[in-house]
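Protein sequence lines, in the order shown, are assigned to chains B and D.
Take this note's numbering: the final residue in the first sequence is number 140, and no numbers are missing along the way.
Take this note's numbering: the final residue in the second sequence is number 191, and no numbers are missing along the way.
Since the hints were made in silico from the structure, they are not lab data.
There could be a bad hint or two in this list.
Said to hold, decoys possible - Chain B is faced by these chain D residues, among others (derived, beta-carbon under 7 angstroms): (1) V5; (2) P7; (3) I9; (4) R10; (5) A11; (6) A13; (7) E15; (8) L17; (9) I33; (10) L100; (11) K117; (12) A153; (13) V155.
Quantities reported herein were computed from a predicted structural model and do not represent experimental measurements.
Just so you know, even glycine gets a beta-carbon here, dropped at the ideal spot from N, CA and C.
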Amino acid sequence: MTTTYTLDGVAAPPMVNGELVFDAPWQGRIFGMARGLAEQGIYQWGDFRARLIEQIAVFDRNHQSEAVVMSGASTPQYRYYDHFLRALETLLAERGLIAAGELTDRIGKFVERPHGHDHHHDHDHDHDHDHADDHDHHID
Amino acid sequence: MSDTVAPAIRAEAIESLLIEKGLITAEAVDEVIERYNERVGPLNGARVVARAWRDPTFRRALLADATAAVAPFEFEGGQTEKLVVVENTAKVHNVVVCTLCSCYPWAMLGLPPRWYKDPAYRSRIVREPRRVLEEFGVKLPADIEVRVWDSSAEVRYLVLPERPAGTDHASEDELAASVTRDAMIGVERLL
Numbered sequence: 001m002t003t004t005y006t007l008d009g010v011a012a013p014p015m016v017n018g019e020l021v022f023d024a025p026w027q028g029r030i031f032g033m034a035r036g037l038a039e040q041g042i043y044q045w046g047d048f049r050a051r052l053i054e055q056i057a058v059f060d061r062n063h064q065s066e067a068v069v070m071s072g073a074s075t076p077q078y079r080y081y082d083h084f085l086r087a088l089e090t091l092l093a094e095r096g097l098i099a100a101g102e103l104t105d106r107i108g109k110f111v112e113r114p115h116g117h118d119h120h121h122d123h124d125h126d127h128d129h130d131h132a133d134d135h136d137h138h139i140d
Numbered sequence: 001m002s003d004t005v006a007p008a009i010r011a012e013a014i015e016s017l018l019i020e021k022g023l024i025t026a027e028a029v030d031e032v033i034e035r036y037n038e039r040v041g042p043l044n045g046a047r048v049v050a051r052a053w054r055d056p057t058f059r060r061a062l063l064a065d066a067t068a069a070v071a072p073f074e075f076e077g078g079q080t081e082k083l084v085v086v087e088n089t090a091k092v093h094n095v096v097v098c099t100l101c102s103c104y105p106w107a108m109l110g111l112p113p114r115w116y117k118d119p120a121y122r123s124r125i126v127r128e129p130r131r132v133l134e135e136f137g138v139k140l141p142a143d144i145e146v147r148v149w150d151s152s153a154e155v156r157y158l159v160l161p162e163r164p165a166g167t168d169h170a171s172e173d174e175l176a177a178s179v180t181r182d183a184m185i186g187v188e189r190l191l
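The shape of chain D in the complex, shown without the other chains (with noise of 0.2 angstroms):
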């Protein structure tokens, strides 16, 4: 019977008995959500973008070993799970998947759109990912190779995009204001 309850109250049920065997407090809980909320996005993941853009020694300790060179950013929470960057050319186009569940690299983009967790999107990137690319409006040359990453528990991959023709003089700022969540996963160009 308790399972057709609606998740709402399950939800409310789970917290209250947590807070009365002390485990969490209410605000704790508050602290999570506003931190995924409000502080940690895909901004972070696109100034680290933008400098890589800008800074070719940053771009090499990126791709040599993107958990280190992130960690001076001191990005809330931090990037507790190993991070690979992977970079677009115009020979070879990224894409990012969690096969089993949701993996993302949190730190750098917050939380994952709803359909990176659909099955579909799980389900067919990895199968036919020249057709889902152009479902997401990414026609892609025949000659560009197509490189899809599955994550894990202990890796988060992020794409680092092409830089944008004609950006020669932009400033770090508004590089990473022109970086989506999107390309950074690998669904989107900005040529």
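The following block holds chain B by itself, in its conformation from the complex (with noise of 0.2 angstroms):
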């Protein structure tokens, strides 16, 4: 055998062959951190997951979707980044690494922040509000 395989012959990226991975940054985040926190060995990636079956296992008991919809609409209300939100949360605070009155504390002072506040524009587009966050950045 004579031919030469090159490791990156393919020249284009994979997103060419697939579709946007994520569709708000936050779910980008969330990704990350729990990818992220399990390749830093905070806890194995199979913990995360089997929290993320019971997450999901709840809304398929009490949705048992006949949806048909296949490609591109999802059954109504499922959004599988909450579930993995939610998974996170769950297995941080199971193993004390961000208490539940801790997070909650701290969504409070997020909640309650001005407009146009320093943040990296990761509110959820799927969100229906009207804020424009670039608007009046006053500088106090």
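Build the complex: two chains, separate frames, hints provided.
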């Protein structure tokens, strides 16, 4: 066999053969956290997966969906990354890494932030609110 | 109350706490996202399929022990779970699902498409695979056996599609470009 294989012979990036991976930036962040923590050995990926299965199983039990639509549209109300987020919250609380109360406090602080605060445009684009982020950046 | 907060804010709150506690850095999160958005994707699997089509020795090794056979590719992140490649033939069509959540051969295909994670796909592909495949545009003759493979934490499946006719002289890169993600999940035929 004389063929020489080059491992990077295909120049096109993977996305050419796929689709956008995340619907909203926060989904990427939460995926990056869940995966990154496992890669750093904070927990095993299988432990996260077990929590994700639990979250999804609850949804499946409550929504025995017979939705026929396959490509494109999802089962109504099923938002995979919401379950992903809850699975991470659950695991972090179980491991004593972020207590539930601690998270609630932080969320409360973030909710009360004034508009125009300095964050990295992570809002939920599914969310139907009228919130232009770039308005009125006063320098206080 | 906080249960109704937009997930974007919950995610941001978690990240800020993880960073403060020194458990992760924003850069580490960025790196994971970039890796899965830009570098780990279906073209990894497509290259494996293309090589199997051109190289019978590699094809046999891939079907016998896919985890070992793909190791020399040194895909980023590696194939950390056991990989099993199932071969479509004139008599058998394979399709992959994860009935419990979203297990998927990431190193080969990147992250799964939305419908793969959907409850409808996860339940129906097991119950009525032919009908679901028809909805994907795959009409299978009655004499083709359909095999549904349920992924798990330990085992990830990848479909080796049938090589399209008229590609005898195609290069490995040309072949790889013709292999789609959906064909490697088993919801598309390339013929």
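What hints, given by number in increasing order, does this structure fail? 13
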